[in-house]
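> The primary structure of each chain is shown beneath.
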Amino acid sequence: MASVVSAENQASAVAREKAAPSVVVATPNRREFLYYIWGASLALLLGEASAGLIWFALPRFKEGTFGGTFVMTGDKVPAAGSGPTRVPEGRFWMSNVQDEGFVVLYGVCTHLGCLPNWVDTNFRFECPCHGSKYEVNGKYIEGPAPRSLDRFETTLVFADGTQVVQNANGDPIPLEGRTVSEIRINTGKRIRRAGKV
Amino acid sequence: MSVLPFPSFLDDIKEKGLKRAVFEGVNEVVERLTAGMNLQDIREALRGEAPTRKPNPRLQPHADGFWLHMRPSYFHKSVTGVYPEFRLGWLSTYFVFFETITGIFLMVFYTPSPDVAYANMLAIMSNVPLGQFVRDLHRLGAEAMVLIVTLHMLRTFFTASYKKPRQFTWATGVILVFLTYFLSFSGYLLPWDQLALWAVTIGASMFEATPPEIVGTNLNLLLRGGPEMGANGLLRFYLLHVLAVPALLFVFTGVHYYKVIVHGHSLPPKEENIGEDTAKRVPLDKRVYFIPDILTSEIMWIGVTTLILVILVTWFFHAPLESHADPQITPLGTTAPWYFLWIQGALKLGDKVLWGIIFPTVYVGFLLVWPYIDTAPSRRWAHRRLQMTIGFLIMSFTVVLSYMGLAEFGVVNSADITVMHHMTMEPAHNHMGTLRPIPFEQLQAGMYTTREFAVEDAAEAQSAVAAFNAELELPPPWLQGQADAQPVGEMVLAYLDTQHLPLTRLNFTTVPSASPELREVVEEFEHELELKETELHNAWGVVIITDVQENLKRIDVMILWEDVVIENGKVVFDAEGEPVLNRDENGNPIIRMNSQHIYIHRDSQYFAAPGA
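Line by line, the protein sequences are chains A and B. Position in the first sequence (first residue = 1) + 4 = our numbering. Position in the second sequence (first residue = 1) + 1223 = our numbering.
Bound conformation, chain A alone (with noise of 0.2 Å):
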């Protein structure tokens, strides 16, 4: 087999090496180079194949196939300035906030999944895993979650036919008195407060 180091060079080679310790390595021959080429193209498969395991063990699901839009009749409103109403099957709670409006909070809790408890004593919501609590409007108010509670788009329609839609923001929807006839809740459209607001 050819020497990666010619003879001819063998002894400059050696020179070199008690001069200056270096290493002297010459270019591929093409069975070298040939097998470098096999081992990036093992590796690229290696690495599709990684993919699409990955992709095949991701789970299917339509998103939405949570919750839908769930239709309230207005008698559900709870009164201002109570506790606020929990709906089980839509993992939400519905409060109306003095001098604010009505607003559905997604009761998972931003931390990492509990169900937050409505802990009526201290009108607040108390998550019971790592205590991170809220206001009825789902405000942060201490706790190690990263953010307030999540809200969902809320479309109220009133008894003289108007409807009002929840703004981009998720405020709530002030009532002004007027009566409820129908409250329409899209669990689809998740709205993120941004921070501790």
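It is worth saying that the hints were derived from the structure and are not from the lab. Do not take every clue at face value.
[To be verified] No farther apart than 25 Å at their CA atoms in a straight line, the calculated lysine-lysine pairs in the DSS-like style are these:
#1 143/A / 193/A
#2 1387/B / 1503/B
#3 200/A / 1509/B
#4 1493/B / 1386/B
#5 1509/B / 143/A
#6 1493/B / 1482/B
#7 80/A / 193/A
#8 1571/B / 143/A
#9 200/A / 1571/B
#10 1277/B / 1237/B
#11 1509/B / 1300/B
#12 1571/B / 1300/B
Since the structure of chain A is already known, use the hints to place chain B on it.
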């Protein structure tokens, strides 16, 4: 001359006689099965005599046999005692196999589907002979395994056995610890009870916090198999638990143990010169041969360990099972198992990316690279004061974080919920609601009140209860005299109706004398209410037991009290240090009620907590 066309056993019988031929036949079989030791060699070894054959037949099984090929044929005398290794490495290996075997037996009766998993658990616990036994062994074995491998790691740290050339062995060991913890975590979900569902929901959410966001989200989806933890998630965790992680565990155990053998068991620090590693060069007079001494010692150790586990499981420890997983309700007091409490404590500190991902990664990473940081040549304790200090500091830090992880820390609750929770909570790791372990026969249907125990003298209990009944027929004191004031009893009935407990009338009695454990619980209830007097002003509590079905009872616990002004979760006091009552528009106190209920079946198995 032979009966068969080739030489055979029958020829031997003809030549030597039956007895001799059989003996020689058995001898040869034994020698083949043991890969080198015949009956006389075995007897000599067991009698403690020197081997008579050459080469030493006790070394042949190591050279020729599969099972012993990786085990050393001799150990250094100094590592055969309890110190310095405490046999923890051997016990760790044993627990891998112990858990595998008990796990395989459980697999016979378990299917990883939310529809049947919980029923399977109930069947294993009550309908399979020794089912509860095997399940308890598996659960206790898991906790013991976590403890043993952690102790093994601590031992290796303190005897500085991770130093050159064993750094890589230590690194594979850290990986094994991590795999052990993950095995325990993935097994947690399988019973599909409340603890399983919510502990794993939290755990999977932690993975979701991995930065960058696309990695975290997809990691979470891969684990859960869907937007929430459900059937897909259960199946995936099951596969992780019984296939993927055990496979990794076996591979890494092989790598780890091979490195241990290649370098040899490190000697006690003071027996080596500093900086030297002489473990592989064992002088002849210091050798203790594997057959028979080490082999019998190992068997004895795992025999004693198994005995301890069996004793614990028979009398002291029973794996808990909470109620069926309910995605709508997160129970109060979901705790991680004790070895994950430190993470739970860290999570209470703040940002889940920092404390859930970055902190544990740094923690484990620090452990992994420690041998490459601590390169000081000496393994002796006197020369390692700094390293030992660091070790103790990290252990203390972990203990403090674990305390913070407890359910009681940082997760405050209103007083009424705390008191009721104490009575109704699901069985967690070492405690459960006081109502649950009461024997079924003592849960006599009736209505019982804490007023019975609010009097000093036990003789006055009857009249106290009678006075309570009378009090309920009247409106609250500040409304008496008003025409249409509602009696307190009616308010209570209306409230209980909203809790789906329709009663026609209230009639409280003293707790029957045949129910001493129930009496204890109600008495403790009264004490708890007294302790929380500031928040629960003028409170009384009741326990109402109703027969729902033939073998099913419902227990309602209710507290009625006068509302107190609370700001930011704390009671507001007036100038005299008395709590300020919340008053309505007429200046009258406001009555509050809260209740919880649980169902107890005759076959519900609630084991009293150890030591209780």
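> Look at each hint and say if it fits the structure.
Each hint tested on the structure:
{"no.": "1", "hint": "143/A / 193/A", "in the structure": "holds, 19 Å"}
{"no.": "2", "hint": "1387/B / 1503/B", "in the structure": "holds, 13 Å"}
{"no.": "3", "hint": "200/A / 1509/B", "in the structure": "violated, 68 Å"}
{"no.": "4", "hint": "1493/B / 1386/B", "in the structure": "holds, 14 Å"}
{"no.": "5", "hint": "1509/B / 143/A", "in the structure": "violated, 71 Å"}
{"no.": "6", "hint": "1493/B / 1482/B", "in the structure": "holds, 23 Å"}
{"no.": "7", "hint": "80/A / 193/A", "in the structure": "holds, 21 Å"}
{"no.": "8", "hint": "1571/B / 143/A", "in the structure": "holds, 18 Å"}
{"no.": "9", "hint": "200/A / 1571/B", "in the structure": "holds, 17 Å"}
{"no.": "10", "hint": "1277/B / 1237/B", "in the structure": "violated, 31 Å"}
{"no.": "11", "hint": "1509/B / 1300/B", "in the structure": "holds, 5 Å"}
{"no.": "12", "hint": "1571/B / 1300/B", "in the structure": "violated, 49 Å"}
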